[in-house]
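Engineer: Chains as they are written, first to last, in this note's numbering: chain P, 4 to 230; chain G, 4 to 230.
Hints are not guaranteed to be accurate.
Below are the BS3-like pairs computed for lysine-lysine, each with C-alpha atoms no more than 30 Å apart in a straight line [as the list claims (entries may be wrong)]:
| # | chain 1 | residue 1 | chain 2 | residue 2 |
| --- | --- | --- | --- | --- |
| 1 | P | K208 | G | K184 |
| 2 | P | K202 | G | K168 |
| 3 | P | K208 | P | K184 |
| 4 | G | K202 | P | K202 |
Bear in mind the hints are in silico, worked out from the structure with no lab data behind them.
Number of protein chains: 2
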Amino acid sequence: MSIIDPTKDNTRPTGTLGALVEAQIEQDIVEGRFLPGDRLDEEELATRLSTSRTPIREALRKLAASGLVTIRPRSGATVSRPSLALVIDLFEVVSELEAFAARLAAQRATDTQLTAIQIAHEDCERLSQSSDAGAYFNANLVFHGAIWSASNNVMLAEQIGTVNKRLSPYRRQITFHPTRKQDSQSEHSQIANALANRKPDVAEKAMRDHVMILSDDALQLARTLRL
Amino acid sequence: MSIIDPTKDNTRPTGTLGALVEAQIEQDIVEGRFLPGDRLDEEELATRLSTSRTPIREALRKLAASGLVTIRPRSGATVSRPSLALVIDLFEVVSELEAFAARLAAQRATDTQLTAIQIAHEDCERLSQSSDAGAYFNANLVFHGAIWSASNNVMLAEQIGTVNKRLSPYRRQITFHPTRKQDSQSEHSQIANALANRKPDVAEKAMRDHVMILSDDALQLARTLRL
DNA sequence: ATTTTTGTTCTTGTATACAAGAAATACGAA
DNA sequence: TTCGTATTTCTTGTATACAAGAACAAAAAT
């Protein structure tokens, strides 16, 4: 498991690498290379990212503020491992936010944004046939992201993104389910249609249901993993 | 303007003061002693809070992650001064979240939580007569907080709290309007009634409208302040 | 055997030193 | 004067040293 991407140049000595450090750690969590509960040793991270503890600490604080990391005073940082109850709460919040984004998108999306959604939808369609689960996961993210963006509410999009990052450890594995991809696609179609026809109520409901189903799957998984 | 509370002992040499530093700076922003746009000089804060730059920097990073502070690389930190468009977006998000919280509270609040809401409502009523605008502002916050908490969704309550902190510079001054307090109280009554009678739809709508009106007032103020 | 206690080690928390970029200022030319 | 440029100063970014609490392990007592 190589944390550092060998294709990237990590030898550059100067620059504001604090931000890079944060991005790197965040990626490692979101993409599942660090798992919930994993200890994040400052010195270990520092040597691994070839820097000192200072930028690491600052990055960890930021990630803690966003909820991705938990810091216990004098005890170090770990990847957040929220209780099942908290994960349920998070899903509840994100489904409401995404539903709201869909409503706003139906009201406000520009034509360009609508076509972007359509294209993302078609990409999903294509990849739902393929066996590359990771690719479908990413395409799915693009589809949802296009809607957040089409809500034309920057803060809403940001909030959804933050919450989604916290949920990604639990969401990531779901699309592996074979039948789920088919269902998901038909739900996407409903959503895309509602947006294209500018039906806020329909879009909102379709999106809420869609995310809720995802939530249920994720929660079932979380339960079997004895979260 | 004394940033440091003179009643507190700030001479203690040890302890995990990083958290205290963060809380202190956050308070200074939320309570309006630092205004949007104000520069947050690390060394100045360090001497003022009688510590070194390290804890200050870590606190500033955390606050930046929560949106209260903006850090431009190699240029230092300032209190975030979002554009009018962003403030509008934030209000839109928070009104939706609070509306959702009201809906959930109507569905799930325990009897104890309902009475807490009722008591907070009565406190508001009492203080709406008084001339102490700050006291009313705080009572109002308690009333809303009781509802967030009664939603029995920890993450939702947390999110609303975070967004509200970002808006506090713009919200704080509104309750000064004399007629507004009366209207606000009647809106609170509607909300409290809907919750007591467990009418989710009514509670949701009443809360959304209530927050929206506050938003409009705040935005008008923000406009006159040439945000 | 279990539990308590004590000591050691390891990690985090804080302070400080140094490096390096940004802002401000002063100077010179048009 | 005004603009451009060079220089200086100041602040932030990073590394490291030291302090202090927490986790761990070993030993002693029950």
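Engineer: Taking the hints in turn, state whether each one holds.
Structural biologist: Hints versus structure:
1. The hinted pair formed by P/K208 and G/K184 fails the criterion: a straight-line CA distance of about 35 Å is larger than 30 Å.
2. Our distance criterion of 30 Å between C-alpha atoms is broken by P/K202 and G/K168, whose separation comes to about 33 Å.
3. Using a Cα cut-off of 30 Å, the hinted pair P/K208 and P/K184 holds, with the two alpha carbons roughly 20 Å apart.
4. For the suggested pair G/K202 and P/K202, the alpha carbons sit about 26 Å apart, so the restraint of at most 30 Å is met.
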